[in-house]
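Chains Y and X, in that order, are what the protein sequence lines are. Counting from 1, position 63 in the first sequence corresponds to residue 63 in the working numbering; the numbering is continuous, with no gaps. Every position in the second sequence, counted from 1, becomes a number in the working numbering once 139 is added.
Nothing false has been slipped in among the hints.
Label-pair restraints from in silico Cβ distances: (1) Y:Trp-101 with X:Ala-223: 50 to 56 Å; (2) X:Met-319 with Y:Val-28: 35 to 41 Å; (3) Y:Thr-8 with X:Ala-229: 36 to 42 Å; (4) X:Asn-220 with Y:Pro-59: 18 to 24 Å; (5) Y:Glu-27 with X:Ser-153: 45 to 51 Å; (6) X:Ala-229 with Y:Ala-99: 37 to 43 Å.
Just so you know, the hints here were simulated from the structure itself, not pulled from any lab data. Heads up, the beta-carbon is just placed ideally off N, CA and C, and yes, glycines get one too.
Chain by chain, the residues:
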Amino acid sequence: MQCHEFETALVAWVDGELSADATRAYEVHAASCGACRALIAARRHERDRWREALRDETPTDLRREILVGRPSRATLRFHPRAWVWAAAAAVVVVVMLIAPWFVVDRGAPAEPFSRPCTLIAVDVEEDEGRTLVLPGGLI
Amino acid sequence: MALQAIRPHHDDRSDDFARLVERDLDRVWRFLRSLLRDPDLARDLCHDTFLRLHESLRRDEIRQLDDGLPRAAYVFAAARNAAASHGRRARRQATFGLDASDDIADAGRTDLALVRGELRTDLDTALARLDEDHRAVFLLSEIEGLRYEEIAEILEIPAGTVASRKHHAVQRLRRDMERMGHAVS
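Turn these sequences into a full structure, and let the hints guide you.
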């Protein structure tokens with residue numbers, strides 16, 4: 001094993017993720033190479049420092065809320081879709097309540113034509129079983 | 140809703156759930172906190188993750204148990220899924236502007252520096268520059284000490300990809316940390 005190969009697999013080796021054969025080759029090289037042994041020590045030191053730095057205490061109130069089954073703030077948070085439906089329902093109710101005030105009694109419907117008229121022509125053609133009605137016009 | 144809000148978990152799995160919280164809450168919190176870089180969001184998703192785990196326990200939906208509790212891989216997968224589904228939802232709402240930009244990392248830096256050590260703050264900054272896939276692998280392996288096979292199961296990727304992402308995440312973090320004056324001695 002060469003030093004550059006050693007360095008490439010260093011992270012996986014420190015994580016204990018190399019195969020048995022690769023681990024043996026690694027250990028043989030490390031036993032004979034002081035520079036690579038220093039790399040191992042540096043990687044372990046780096047990992048321990050990062051691990052320690054990223055240790056976080058869980059907020060105590062979060063632990064308590066989870067254990068007592070309190071819904072999360074996200075669950076209780078404003079839900080846009082629910083509000084849209086609620087607003088739409090409110091609008092429908094309001095419209096139904098006020099609609100009677102705007103209904104106007106228009107009386108009897110007006111006559112469709114203000115003066116007498118006569119149908120003078122209707123042409124009928126058939127095309128492949130469909131009937132086409134061509135109005136001639138009204139006077 | 141008010142009654143539900145104060146009702147404790149009282150069922151035949153409540154003891155198991157308490158043990159699960161004891162075993163995994165700290166590391167799920169750490170994972171989500173560093174993955175999302177937003178303590179408030181991490182808190183909400185951590186909470187939701189455990190409520191879902193409680194439901195799954197109560198309904199006996201979890202097939203593989205370890206001493207009566209879900210395996211760590213199952214728990215982290217639930218947390219990861221909560222984060223992923225939040226990401227999808229937030230992207231749809233166009234409010235999820237977490238693209239690992241330096242601005243975001245720097246914005247949080249001033250406040251964090253007041254309460255955390257410089258190493259932690261700079262590590263957060265460097266982590267923010269990793270994409271989320273590499274960050275998740277790094278956190279699960281380096282900080283939580285999970286095996287590559289477990290991480291592969293959680294993230295649904297091959298173990299070789301986990302190894303590759305871990306290697307590159309470490310290289311990138313080391314380079315960024317050295318630039319910020321944290322060379323490994």
